[in-house]
Amino acid sequence: MTRKHLLSSADLSRDEVDSILDTAASMHDVQRREVKKLPTLRGRTVINLFFEDSTRTRSSFEIAGKWMSADTINITGKGSSTSKGESLRDTVMTICAMSVDALVIRHSASGACHQVAQWVDASVINAGDGTHEHPTQALLDAYTLRQRLGSLEGRHIVIVGDLAHSRVFRSNVITLGRLGARVTVVAPPTLMPSGIGDWAARDGFATSWDLDQTLYAASPADRPDAVMMLRVQRERMSGGFFPTEREYTAGYGLTRERLARLYAATPDLPILHPGPMNRGLEISAEAADATSSAILDQVSAGVAVRMAVLYHLLAGETEAAA
Amino acid sequence: MTDLLLKGANLLGDNEADVLVREGVIAEIGSIRAAAELDGRRLTVVDAAGLVLLPGLVDLHAHLREPGREDAETVASGSAAAAAGGFTAILAMANTSPVTDTAEAAERVFDLGRAAGLVDVQPIGAVSKGLAGVELAELGLMARSRARVRVFSDDGKCVHDARLMRRALDYVKAFGGTISQHAQDPRLADGSACCHEGEVSGRLGLPAWPAIAEDVVVARDVQLARHTGSRVHVAHVSTAASVEIIRWAKAQGIAVTAEVTPHHLALGTDLLTGYDPVFKVNPPLRPDEDRAAILAALVDGVVDAVATDHAPHARHDKEHAFPDAAFGMLGLETALAVVAEVAVRTRLLSWADVADRMSFAPARIAGLADQGRPIAVGEPANLVLVDPDASWTVDRSASQSLSRNNPWHGRTLPAPVVATFLRGECTAYRGRVRGQFDPEEIA
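Chains as they are written, first to last, in the numbering used here: chain A, 1 to 322; chain B, 323 to 765.
Bear in mind the hints are in silico, worked out from the structure with no lab data behind them.
Among the hints, erroneous ones may be present.
Said to hold, decoys possible - Examples of chain B residues lying across from chain A (beta carbon under 8 Å, computed):
hint: 1; residue: E521
hint: 2; residue: R525
hint: 3; residue: H642
hint: 4; residue: P645
Values in this document were obtained by computation on a predicted structure and should not be read as measured data.
Even for Gly, the Cβ is constructed at its ideal location relative to N, Cα and C.
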């Protein structure tokens, strides 16, 4: 695989996704060693350039880089660009003038990573751009699901939440689709992205406004094999997207009652959430902490998947993985 | 001033004749003998065989950025771009810094235009003080000023308050004014909207305006125009539904006019997938159905005019993430060629129709007496020669504009402007303006 950037999940073919997930599995083994260090990226410099707050993604990339022996530097530039009057191009060109090999970028604006990739020589990895995509999140979700379910071919994954503003959803429908999963996305109409009807028809996923109908389908074949809950920002209420928290929870939350009914049919149903969670809003404490919850597995997989991505973009396939 | 003889020009694309210009006025049309002198006066003879002669183009909508952002454009550089594009008159939008909301500000822009002397620069006045959308600007004083402002617009912002729009429409009747509305209800999208709302924006995760944000304001404004008995002009109409509302309103006898931009006719939402901010514009690029509808409306006359919405920006204001970058694209130098590409080459419009949509109609809407006149004896010689059979490749670095946000860069377009004449004087020749070419070259 000779890929320079990872900007969108759509960049990756089925083979590439498989290859990254396989590499991630061997990286995951490294995590369990006492000495968690590979020499693979020794002498390479990876900059984590985070224009937007992030704890888990940034630390996950940082640990991934360090365990690969890359020199990893974090730059948090919250609002540094436009608020100081500096253009995004000037900001990234300044950093790249210090000879970096990869830029891991988180930005509040959709498309920021695509633009940066046009300007710089370094590899660009999208660590979340606005409400567009978050490709490594989708990879770690796929990795986690594969660990739980085996092959995702024909498996039914239900994604619930604020789809309109979710980069996790946008990357997941692509990556899970690549792996042959059936995806249904659920949200109230106001939290569906515009044009999703045509989009879903073209890309072969299903949409629903009714969570219960989706979770408790009459036909066992249509019941979910995994449920992924997305974060709903409380400030969406002021935008008129939904009236109150309790109304959202009643319609779209993974409540204790919904969990019990799901467990009656599928006791080991994997429950995913990209975090950070709003306990009591989109996910109940019972669901977050359920025995089948995969939420901490996702975090653990995050490091392995990001090691695999760094490996694929920076080291190439000529060197052994581990 | 020497006299000018255009030999063998194709007038409006449908009859070939020689045109003699004296003292800035068309003196004779017919078969005229070419000579170095005529009646003892020096004569510049231009071989116009194979070229189409149109009335000088008039742009209802250009952003010249002066005062305030002279790094992006000045009245002089914008005038140069206009002349190179075949224009002899342009209306300068009010959203400068400071805003053109007083007589003094309007006269300043007017005077800068006259000093540059490449096109007639006619300032547009703001509807509201500081474009704030709260109180009326000094519309009457701007109208009475030396600049004789007749078109008022808060363009860049919508006059969204219905009461203010009603008062503005009512007030400008006293001096024959027109309100040019940037139709876009700001409440139907959040403040960060940066493209058309639809499948593409959904996939790209970009905050967007729905088409109805335009439609509902157009619908309201034609009713306000009817109620007040005043004239409303819809700037850069971009949706199929808005066009249908305007069609209906015209059928009711409501005094509404409308313009479309070349970029809304030719560029679609598919261009956004690379997040290149050169395609970020307000109103946003629309899907093919809307493009087809506004083109059809331009052809059948429901849309009266083509206007550029020329919007220069300094490079660093476009080198941000797409949602953070500035809105707008260049248009003065490419407008005629784009119209030729989408409407003339496709035989939807004749050159005579182009003269109507890009000169007669906009001059009429703007109330410019000496512009947009027929090519006839006694009329001011505001003219443009176009090569209908040639093509050219757009090079943003060759622009007269100070900015480079040119969405047409690298494209091959038809119908380059050969020469532009303002009151008989050649202001631009093959992309260069007066001072950049040798007057002997045109002969």
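We went through each hint and held it up to the structure:
no., hint, verdict
1, E521, "holds, 3 Å"
2, R525, "holds, 6 Å"
3, H642, "holds, 5 Å"
4, P645, "holds, 4 Å"
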